[in-house]
Amino acid sequence: MKPFKYLSPTTVEEAISFYGQHSETAKYVAGGTDVIVKVKEGWIEPDFLISLKKITELSDLHKNEATGELSIGAAVTHATLEKSLMIRNEYPIIYDAVSNIGSLQIRNVGTIGGNLINAVPSADGAIPMIALDGVVLLHGPDGERSCAVKDLFVSPYKTILKPGEILKKITIPPQRPHTGSAYIKFGRRAAMELPLIGIGVLLTVEDDLETCTKARICLGVAAPTPMRAFEAEKLLVGKKINEDILRQAGETAADESKVRDSVRGKAWHRKEMIRVQVRRMGLACMEIIWNNN
Amino acid sequence: MTTNISFLLNGDQISYEIKDHWTLLHLLREEMGLIGTKEGCGNGECGACTVIVDKLAVNSCLYLAIDADKKTIETIEGLASTDGTLHPLQQSFVDNGGIQCGFCTPGMIMSSKALLDENPNAGREEIKHALAGNICRCTGYIQIFESVEAAKKMGGQNE
Ligand SMILES: Cc1cc2nc3c(=O)[nH]c(=O)nc-3n(C[C@H](O)[C@H](O)[C@H](O)COP(=O)(O)OP(=O)(O)OC[C@H]3O[C@@H](n4cnc5c(N)ncnc54)[C@H](O)[C@@H]3O)c2cc1C
Ligand code: FES
Ligand code: FES
Numbered sequence: 001m002k003p004f005k006y007l008s009p010t011t012v013e014e015a016i017s018f019y020g021q022h023s024e025t026a027k028y029v030a031g032g033t034d035v036i037v038k039v040k041e042g043w044i045e046p047d048f049l050i051s052l053k054k055i056t057e058l059s060d061l062h063k064n065e066a067t068g069e070l071s072i073g074a075a076v077t078h079a080t081l082e083k084s085l086m087i088r089n090e091y092p093i094i095y096d097a098v099s100n101i102g103s104l105q106i107r108n109v110g111t112i113g114g115n116l117i118n119a120v121p122s123a124d125g126a127i128p129m130i131a132l133d134g135v136v137l138l139h140g141p142d143g144e145r146s147c148a149v150k151d152l153f154v155s156p157y158k159t160i161l162k163p164g165e166i167l168k169k170i171t172i173p174p175q176r177p178h179t180g181s182a183y184i185k186f187g188r189r190a191a192m193e194l195p196l197i198g199i200g201v202l203l204t205v206e207d208d209l210e211t212c213t214k215a216r217i218c219l220g221v222a223a224p225t226p227m228r229a230f231e232a233e234k235l236l237v238g239k240k241i242n243e244d245i246l247r248q249a250g251e252t253a254a255d256e257s258k259v260r261d262s263v264r265g266k267a268w269h270r271k272e273m274i275r276v277q278v279r280r281m282g283l284a285c286m287e288i289i290w291n292n293n
Numbered sequence: 294m295t296t297n298i299s300f301l302l303n304g305d306q307i308s309y310e311i312k313d314h315w316t317l318l319h320l321l322r323e324e325m326g327l328i329g330t331k332e333g334c335g336n337g338e339c340g341a342c343t344v345i346v347d348k349l350a351v352n353s354c355l356y357l358a359i360d361a362d363k364k365t366i367e368t369i370e371g372l373a374s375t376d377g378t379l380h381p382l383q384q385s386f387v388d389n390g391g392i393q394c395g396f397c398t399p400g401m402i403m404s405s406k407a408l409l410d411e412n413p414n415a416g417r418e419e420i421k422h423a424l425a426g427n428i429c430r431c432t433g434y435i436q437i438f439e440s441v442e443a444a445k446k447m448g449g450q451n452e
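Top to bottom, those sequences are chains A and B.
Going by our numbering, 49 is the number at position 49 of the first sequence; the sequence numbering is gapless.
Going by our numbering, 405 is the number at position 112 of the second sequence; the sequence numbering is gapless.
This is chain B alone, in the form it adopts within the complex (with noise of 0.2 Å):
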């Protein structure tokens, strides 16, 4: 019960032989070591394991491993460039509060990535659709909103 897969992840492209009940979360994690997505609750309802796959945020805690085969996967780890700069929705979390205890951060972030790669001009409700599957348990939500807004300006689509 293992396949072989390939997949670009973050731009590199791999293969990977998996067992074909692993969740992704479970391959990045636990076999990549990539820690960077966290697991909440590990049943689709509190979205900090949110990865996007072929442009659409998903949670990785019930998307299958054997699923990204053949797919683009972009986690937490891809967004600073390789200089440690950080992206622009990374940064914008940092100034304006959008963190707290930091749990819930790489989830709001890809999902707000995929949000903004799709319509860079999202406004508030927009914005707030697209983090509703996102909990979070510090921030009361306001600042992560103001962060996602303030990334927009400073060209948060961009990679």
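Just chain A, with the same shape it has in the complex (with noise of 0.2 Å):
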């Protein structure tokens, strides 16, 4: 591995300083599981890592209850995540997908800030933070900023991020009763593989635990970025959510993808297996709101 230099400032200021310093020479790394596989592979050559490790701030995760509003560092780890019990409960569609990134070892130092800003279109990370409608807070030379996290992916291995910029946390807002939420990354094992495809979907209905008042369909793999299928969400609000329409819905979410061939898998494959699991993660969320009415 060629030699670099590893920083390791304890606030985001200092970071940020940082990198003015050394601009292009130097990378950001949290937990380095994609970081640490390119730099031994020669694909980069940074001169310096600056680690935000020791960023305590990054790595807090809670729940405001007043507000009802969850908050995740950008170094929170997928395990940390995985073994919250808040987020089991109350997150299912963030547990469902980050419990089965990579292996536990990989989970117990890849972040989901470094799952975000990869932006490879199969992260599994960035499907339940969109349904969630979270809001990334960015700080960077010129100040903080922030946008919706479905807003951040600009194509393969792009975000909206500019040189220096560091993702500090996820917003989600406070998510109102009668919500459940589900996703499946669906390939042909969980562990260790990038999905075929990643299907997560919320929907949240009335106190009749029927009627429709909003949903979300996302899917992971089916575009060069992350998307949302915002035609079968349309087809779903104010409807009474049943098997029937969540299999239009599956419909029209595989009709607007744009999916495509690859090695792991063909694009006939993956919109199949859209219809299929819209269906099935629609239903999946039906029984977490009537379990926990």
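Note that these hints are calculated values from the structure, not bench results.
Mixed in with the good hints there might be a few duds.
Chain A side only, calculated, beta carbon under 10 Å to chain B, not exhaustive [to be verified]:
#, residue
1, M1
2, K40
3, K53
4, S99
5, Q105
6, I106
7, N108
8, V109
Output of the computed footprint for chain A on chain B, the stretches with three or more beta carbons under 8 Å from beta carbons of chain A [stated by the list, open to error]:
#, segment
9, 308-315
10, 331-337
11, 351-358
12, 421-429
Glycine included, C-beta positions come from ideal geometry on N, C-alpha and C.
Please assemble the complex out of the two chains, which come individually in their own frames, going by the hints.
Okay, structure coming up:
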């Protein structure tokens, strides 16, 4: 591995100033499950790695019980999310997605921020954050700004981040009562494989426990960047949720997707999986809603 | 680009002058001569290099040595007692056919140890989930899961 100097700032400001000194020759690193592989393979050759591990605020995970807002620091690991009972009970879609990322060894160090900024079309962590209407807070040389997680991605491996900018946290707005959510990473096996297709669904219903007031259908590996199937979502809002309407939503989502053939799977197969899994994830949402009532 | 780090390795306090770009695997094997930890893929995919850092199983091939500073590291070398008595997990792998060629074994055992230390009652599904990142080309995994289950009964979570 090509030698580099490792810098361990303890504040976001310090990290940004290190970046200011070294600019293009420096690279931020959190868990390193992506960066270290790339350095080892010689795909990138940074002279400086600026570690975000010692910046304590980036590892903060908490829910503000007064406002209902969830705050996930960028350097929170997948394993921390997976082990949190609050996440498991209240945000099952996050649990579903992070608990099958790589292996436990990867999840023990890999972070949600690294997963988003990597911006691979198959990033498992992106789908739940989009489905939950997450907002990212970025901090760079020019100060802070925020944007919806769904607008973070520009193209494969590219986000809107400007040089030197750091993702500080993802904020999830309060969820309404009677909300259920679920994600499936569909592939040959869940562990150690990138998904053939990733499907996340979130549904909110009225007190009657059937009329849909909000729907999110989010797809990974279905387009160059993680996408929402807006038409399929529209189809559900205002309707009573049952298997039939979910089947229609699955059809619509499959039509909206921009799936392609790749070495790991054919487009027709991916479409078929969207059809089937949107319905199944929708039903899983309803199970959660009924069980919590 | 050298840095002094200190860490607890299998119960011993260690100080070492390391290069910033060394992985923990490099430090253990090439510098310290602890060759129990194996290198398979070098890319986080096989689990042969698994060690425990502050109670968590990690791939030492992707973990920088510099990040081990002030941490507690456990490797396969630290499991047996000084009189040579094997750790319950080691004994159980021997007794239950959990080892064939043995290349994956140190990683398998360290992943299993991290699991049982945290959850001494882990069931088959939890064992599978925790070992999903450890590849074995010989056993077909069943004997490995059985070894972990048997170790559980022997008190595999004990030091
Ligand atoms: C064997 C293996 C299996 C994997 N399996 C999966 C999988 O199943 N699903 C999946 O989605 N991914 C998978 N990954 C990819 C990777 O592990 C995850 O994307 C992980 O979440 C990356 O997080 P990290 O902290 O390790 O990132 P790092 O390697 O530290 O960083 C990744 C990128 O993000 C940047 N970055 C990190 N944090 C910040 C921040 N706060 N602000 C700005 N930039 C930042 C870095 O500069 C770098 O460009 C796998 C990787 C390996 C090696
Ligand atoms: S050598 Fe580290 S995971 Fe294969
Ligand atoms: S015993 Fe040979 S690889 Fe597992």
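Okay, the hints, checked on the actual structure:
Checking A/M1 against chain B by beta carbon gives a least distance of about 5 Å; that is within 10 Å, so the hint holds. For A/K40, the suggested interface contact is upheld, since its CB lies about 7 Å from the closest CB of chain B, less than 10 Å. Restraint check, A/K53 versus chain B: the minimum CB separation of about 7 Å is within 10 Å; hint holds. Taking 10 Å as the C-beta cut-off, the interface hint given for A/S99 holds, the closest approach to chain B being about 8 Å.
Below 10 Å, beta-carbon pairs count as interface contacts, and A/Q105 has one with chain B at about 5 Å; its hint therefore holds. Of the supplied interface hints, the one on A/I106 holds, with its beta-carbon coming within about 6 Å of a beta-carbon of chain B, less than 10 Å. Contact between A/N108 and chain B, as hinted, is supported at the beta carbon level, the nearest pair being about 4 Å apart and thus within 10 Å. Hint status for A/V109 relative to chain B: holds, with the closest Cβ pair at about 6 Å, below 10 Å.
Counting residues of the segment 308-315 of chain B whose CB falls under 8 Å from any CB of chain A gives 3; the rule of at least 3 is met. With 3 residues carrying a beta carbon less than 8 Å from a beta carbon of chain A, the segment 331-337 of chain B meets the three-residue requirement, and the given coverage holds. Given as covered by chain A, the segment 351-358 of chain B passes the check, having 5 residues with a CB less than 8 Å from a CB of that chain where 3 are the minimum. A count of 5 residues in the segment 421-429 of chain B with a Cβ less than 8 Å from any Cβ of chain A is obtained; the coverage claim is therefore met, three being the minimum.
Taken one by one, the earlier hints all hold for this structure without exception.
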